Amino acid sequence: MSGDKKSYTTSSGISIKDVYGPQDTSASGTEKPGEYPFTRGIHRSMYRGKVWTMRQYAGFGSAAETNTRYHFLLKQGITGLSVAFDLPTQMGRDPDHALAKGEVGRVGVSIATVDDMDRLFQGISLEDVSISMTINATASTLLAFLIVLAERRGVPLTALRGTTQNDILKEYIARGTYIYPPRHGMRLVTDTFSFCAKNVPNWNTISVSGYHIREAGSTAVEEVAFTLADGIAYVDAAVKRGLKVDDFAPRVAFFFNCHNNFLEEVAKFRAARRLWAKIMKERFGAKDPRSLMVRFHTQTAGSSLTAQQPFNNVVRTTIQALAAVLGGTQSLHTNGYDEALGLPTEESAQIALRTQQIIAQESGVVATADPFGGSYVIESLTDQIEDGARQRIEKIDALGGMLAAIEQRYPQGEIERSAYEAQRAIEDGASIVVGVNRYEESAEREAPPILKIDPSIERDQVTKLTAYRAARDAAKSSLALKNLADGARGEADLVALIVECARASCTLGEISDALRGVFGEYHEV
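Converting from the sequence shown to the numbering used here requires adding 30 to each position, the first position being numbered 1.
Incorrect hints may appear among the rest.
[Claimed, not checked] Derived Cβ-Cβ restraints for the label pairs, each shown as a range: (1) Phe102 to Ser461: 28 to 38 Å; (2) Lys105 to Asp484: 15 to 25 Å; (3) Ile154 to Lys308: 22 to 32 Å; (4) Asp516 to Tyr66: 39 to 49 Å.
[Claimed, not checked] Using 16 Å as the maximum straight-line C-alpha spacing, the simulated EDC-like pairs for lysine to aspartate or glutamate come out as follows: (5) Lys308 to Glu65; (6) Lys506 to Glu530; (7) Lys228 to Asp148; (8) Lys494 to Asp48; (9) Lys482 to Asp417; (10) Lys36 to Asp48.
Hints in this document: simulated from the structure, not taken from any laboratory.
Predicted, not measured: the structure shown is a model, and the values here were computed from it.
Glycine residues also receive a C-beta, built at the ideal position from the N, C-alpha and C atoms.
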């Protein structure tokens, strides 16, 4: 509008100009998709050859219930599974532990044994589907359960494809589902790198996760900075363990959030790719092009969803999913419209998947590799996000690296400040949320159906767990746990010992407790 003096900024505080031109970007115009530094995408043709993996995140109640949901989603056309685990599983507690009471199967599926893992993937060929497991402190144990299940089914470990999130640093920064002190948590991560490089070569050993950093309240620039700084810490730890960077770095993946500020989000993904490629080449001397690539999964922003007028969330999720695609994601989860109210129902999960399918099949955006490449505003935002993230990484380096920065609460403090400012803007009306602080409804509508977890699931899980323990060779399982504890006191490969525990029918809680007895538990000061 002529004479409009309103100023616009992104979520990171980057000022948006009325008009952009060649003077606003450093882009040379000669860079191509599939070439270093991969700003324009990691593949030359991107989605013309193969669209992103449609990996819907699901898990609730028992393994059998979640398995039913997986079969439903597979029939609807998903191309990858993503497992959500309940809090006891994430925290290394069996369903019969006192601290698990009331939480079994509530926010994800309960998995305590190899038998649970078998039920989870009943009727699903492990060779034919890529499996992502959103698990961190107990990632090595859940991977061990999957490995033993593959052995039971005669599936070679070279055929296993998927990802364990396994990003423990972001738990100390933003999420809180940690068990052991940071340096012991890091040991489990690097042991997973080493074990999988030798035994499960097609498994992505870590998904360095900015998603939870953003959900905790960070800006887009902070999400890139803190995620890549975590990645630097993992690569550095692995190299110090004696691993060669090009032996493990190609299996390092990333996981980003996609929020509402459409142009900033597209630019964010491009900036992350370019910055990581430079870090791996210049800081770590990586030679394999795959070591330089940010291969990433995206999930639309759960924190942007509203309980008020929940069907508005369909629109929010669509905008976010489109930004992720235009930014070049390799894998995508779209949230259900009802997730501000409860776990997604079958109907909302189907609509979420259909959102991806419509973008892929009807929008036409897959026809070219980098539709926004050369856009003056996108190129300018890409430059500014990269610069802002680099400055924060340099600050973390000056503090002694990410572990030291976490101990000094630098990333936590920055996220808390950003979250406060964002919430204050909503409450002041400076940031509009449709249906919440603008265009509210005077009368409440009936809420959509909500998925409810049957409390009998907890009792059933405890019964199965009791029978599992009774049927095993108790001496064999006790010896495996002792060997794990002894290995933790020394320098043994802990993942190999955890796999032995899984073969001996040890439970998730028992394996976690064996490590607790040596490492202790972490409590933030």
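How the hints compare with the structure:
no.	hint	verdict
1	Phe102 to Ser461: 28 to 38 Å	37 Å, holds
2	Lys105 to Asp484: 15 to 25 Å	24 Å, holds
3	Ile154 to Lys308: 22 to 32 Å	40 Å, violated
4	Asp516 to Tyr66: 39 to 49 Å	45 Å, holds
5	Lys308 to Glu65	12 Å, holds
6	Lys506 to Glu530	10 Å, holds
7	Lys228 to Asp148	24 Å, violated
8	Lys494 to Asp48	63 Å, violated
9	Lys482 to Asp417	46 Å, violated
10	Lys36 to Asp48	10 Å, holds
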